Amino acid sequence: MSTSQDFPTRKSSWKRFDVTVLYVFDLLGTFAFAVSGAIAAVRKKMDLYGILVLATVTAVGGGTIRDVLVGRVPPFIFRDITYFFVSITAGLLVFFFHKYVERRFKLLLIMDAIGLGTFTVIGISVGLKFDIGYFGAVFLGVMTATAGGMMRDVLQGEVPLVLQREIYASACIAGGLIFVCLDILNIVPDINVFISAAAVIAIRMISITKNWNLPKPKI
Amino acid sequence: MSTSQDFPTRKSSWKRFDVTVLYVFDLLGTFAFAVSGAIAAVRKKMDLYGILVLATVTAVGGGTIRDVLVGRVPPFIFRDITYFFVSITAGLLVFFFHKYVERRFKLLLIMDAIGLGTFTVIGISVGLKFDIGYFGAVFLGVMTATAGGMMRDVLQGEVPLVLQREIYASACIAGGLIFVCLDILNIVPDINVFISAAAVIAIRMISITKNWNLPKPKI
Amino acid sequence: MSTSQDFPTRKSSWKRFDVTVLYVFDLLGTFAFAVSGAIAAVRKKMDLYGILVLATVTAVGGGTIRDVLVGRVPPFIFRDITYFFVSITAGLLVFFFHKYVERRFKLLLIMDAIGLGTFTVIGISVGLKFDIGYFGAVFLGVMTATAGGMMRDVLQGEVPLVLQREIYASACIAGGLIFVCLDILNIVPDINVFISAAAVIAIRMISITKNWNLPKPKI
Numbered sequence: 001m002s003t004s005q006d007f008p009t010r011k012s013s014w015k016r017f018d019v020t021v022l023y024v025f026d027l028l029g030t031f032a033f034a035v036s037g038a039i040a041a042v043r044k045k046m047d048l049y050g051i052l053v054l055a056t057v058t059a060v061g062g063g064t065i066r067d068v069l070v071g072r073v074p075p076f077i078f079r080d081i082t083y084f085f086v087s088i089t090a091g092l093l094v095f096f097f098h099k100y101v102e103r104r105f106k107l108l109l110i111m112d113a114i115g116l117g118t119f120t121v122i123g124i125s126v127g128l129k130f131d132i133g134y135f136g137a138v139f140l141g142v143m144t145a146t147a148g149g150m151m152r153d154v155l156q157g158e159v160p161l162v163l164q165r166e167i168y169a170s171a172c173i174a175g176g177l178i179f180v181c182l183d184i185l186n187i188v189p190d191i192n193v194f195i196s197a198a199a200v201i202a203i204r205m206i207s208i209t210k211n212w213n214l215p216k217p218k219i
Numbered sequence: 001m002s003t004s005q006d007f008p009t010r011k012s013s014w015k016r017f018d019v020t021v022l023y024v025f026d027l028l029g030t031f032a033f034a035v036s037g038a039i040a041a042v043r044k045k046m047d048l049y050g051i052l053v054l055a056t057v058t059a060v061g062g063g064t065i066r067d068v069l070v071g072r073v074p075p076f077i078f079r080d081i082t083y084f085f086v087s088i089t090a091g092l093l094v095f096f097f098h099k100y101v102e103r104r105f106k107l108l109l110i111m112d113a114i115g116l117g118t119f120t121v122i123g124i125s126v127g128l129k130f131d132i133g134y135f136g137a138v139f140l141g142v143m144t145a146t147a148g149g150m151m152r153d154v155l156q157g158e159v160p161l162v163l164q165r166e167i168y169a170s171a172c173i174a175g176g177l178i179f180v181c182l183d184i185l186n187i188v189p190d191i192n193v194f195i196s197a198a199a200v201i202a203i204r205m206i207s208i209t210k211n212w213n214l215p216k217p218k219i
Numbered sequence: 001m002s003t004s005q006d007f008p009t010r011k012s013s014w015k016r017f018d019v020t021v022l023y024v025f026d027l028l029g030t031f032a033f034a035v036s037g038a039i040a041a042v043r044k045k046m047d048l049y050g051i052l053v054l055a056t057v058t059a060v061g062g063g064t065i066r067d068v069l070v071g072r073v074p075p076f077i078f079r080d081i082t083y084f085f086v087s088i089t090a091g092l093l094v095f096f097f098h099k100y101v102e103r104r105f106k107l108l109l110i111m112d113a114i115g116l117g118t119f120t121v122i123g124i125s126v127g128l129k130f131d132i133g134y135f136g137a138v139f140l141g142v143m144t145a146t147a148g149g150m151m152r153d154v155l156q157g158e159v160p161l162v163l164q165r166e167i168y169a170s171a172c173i174a175g176g177l178i179f180v181c182l183d184i185l186n187i188v189p190d191i192n193v194f195i196s197a198a199a200v201i202a203i204r205m206i207s208i209t210k211n212w213n214l215p216k217p218k219i
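Protein chains in written order, with our numbering: chain Y, 1 to 219; chain C, 1 to 219; chain V, 1 to 219.
It is possible that some hints are incorrect.
For chains that are exact copies, the list does not tell them apart, and a pair is met inside one copy or across any two.
What the hints assert, rightly or not - Cut-off 16 Å, straight-line C-alpha distance, at most; resulting in silico cross-link-like pairs (EDC-like, lysine to aspartate or glutamate):
(1) 45 - 166
(2) 44 - 158
(3) 216 - 80
(4) 210 - 158
Worth flagging that the hints you see were computed from the coordinates, not collected in a lab.
This structure is a prediction, so every number in the text was calculated from the model and none was measured.
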């Protein structure tokens, strides 16, 4: 959820390769998030404009808030227009073929998990670059990954799903803690982002299979 | 939705005139948007404070988000206090005379359309000044014109109207494309803003008369 | 709702003392606001993550928006991590002992009023430091004190309470006007913040006892 210059910059021999991979993952996640926004809009009987707005907000909302919070303005969406086009393409696809897209449910879950992991590690990287400390960086990573979906839910008039059930933000937090531990152990960021993103994706996918949830308070 | 120094700056012999006209249009639009926010608050049985907040948020919310996104902080509302006073005046008018104001329905629609056109072209001008490209600038213009109304709807617990029906944001997009075409053809901004704003206003008014809507997906 | 360096800086012999007192008040208010967010989350049957998010958003949301609006980024939450820890501690307390916490209703109201007063005067101080004028500064103070609670209500799917009834934001406005009057009379900020915060707290507490409300429009 960010332009290529935001990715970790410590040198490594396979740098060009891994930035490209992270960028592809980032766009995959953007697409999946946009699809989830567009599907929500279809269900709420919004018109074409509403579908495109919910697609875009869900996909780029988290990264935009992240950039505003660290003072990196104009935010990434204005510096790399690709994210807009991916979001709008996803919205149009859902508009025309939403029955077909919704049936690809498992594929969407996997892509969504990829987005979750990628957005988290990019958010953490940006936080560390802007020197806000480990705690703040993990917070920023979780926000990058989840704020877009929260805005989607608020705009469709519902209480954000992420606050209610499933292991979603918790997967980001766990991945963020792994990122911090590996960084303290001096693992280079180029490798760390992949391990930590993979951890987020794995935790998210396993939690779906196992139907895990966070505890709720006893009432 | 902006201070006078934000308006297009390329020289023209009637510059002082057109900046003043745009500023008057801007304040008219601010007033109309504030009235729509205040009326929504009255319908939701909010108290005086709620009415003033919804008036202000609807009127200046879009421009404030625009300024934050391009890094122009403190935003325009803190640099030209007139927008606050217009919003609060509109809110007080609705508080005391809301039956009378609501009956001026057609006048409010026209003023709202003027606001829509004016906010769009000012947003685009700001975007181009901050060098975010045509695509980003049109996006910023549409957001300047529509984000305040979306915040109004979210605060009153409803799904934003602009996402559901009517030609509203679409009129801004059409006007934005006209702005971009004319700018590529080297029309001076001082004239361009008027043509493009007029296009937005015309499209909006015609769409109301004709009862136009955007397509919805087949379910 | 701010780091210690944000507090009024004009010299006074008891400076260290009053900054510490204001900081303690600030943290007390943060705790009370976080508790109100966490209790709302429990009532909406959110999970542990939702409780922690609503606690944090309610407690630090207003100050974060304030900092973004004046361009002080990264905002205070990333510069003094104490606010995070207080919010999360409050959230965990409510998660485990919410019945016990809710029964301390009067104490919570008093702490909430302390937060209201403290957040207001800190917001005004920040506004004056960033030179946005008295009117803008009072606006910023009220927003610092009330925006977090509004975000809490939107996230739980409800129309913000502050827009509907009770003397809440109005107490902030009254305190803000007192702050402005005393500042014009050249009262040193170190003393002014205490008088004005006390005024907010007193008005809020009296209005609860007397069951005061703002007028609503006649329909």
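To see whether the hints hold, each was checked on the structure:
no. : hint      : in the structure
1   : 45 - 166  : between (26 Å within a copy, 13 Å between copies)
2   : 44 - 158  : both (11 Å within a copy, 12 Å between copies)
3   : 216 - 80  : neither (40 Å within a copy, 29 Å between copies)
4   : 210 - 158 : neither (26 Å within a copy, 33 Å between copies)
Comparing the model with each earlier hint shows violations of hints 3, 4; every other hint is respected.
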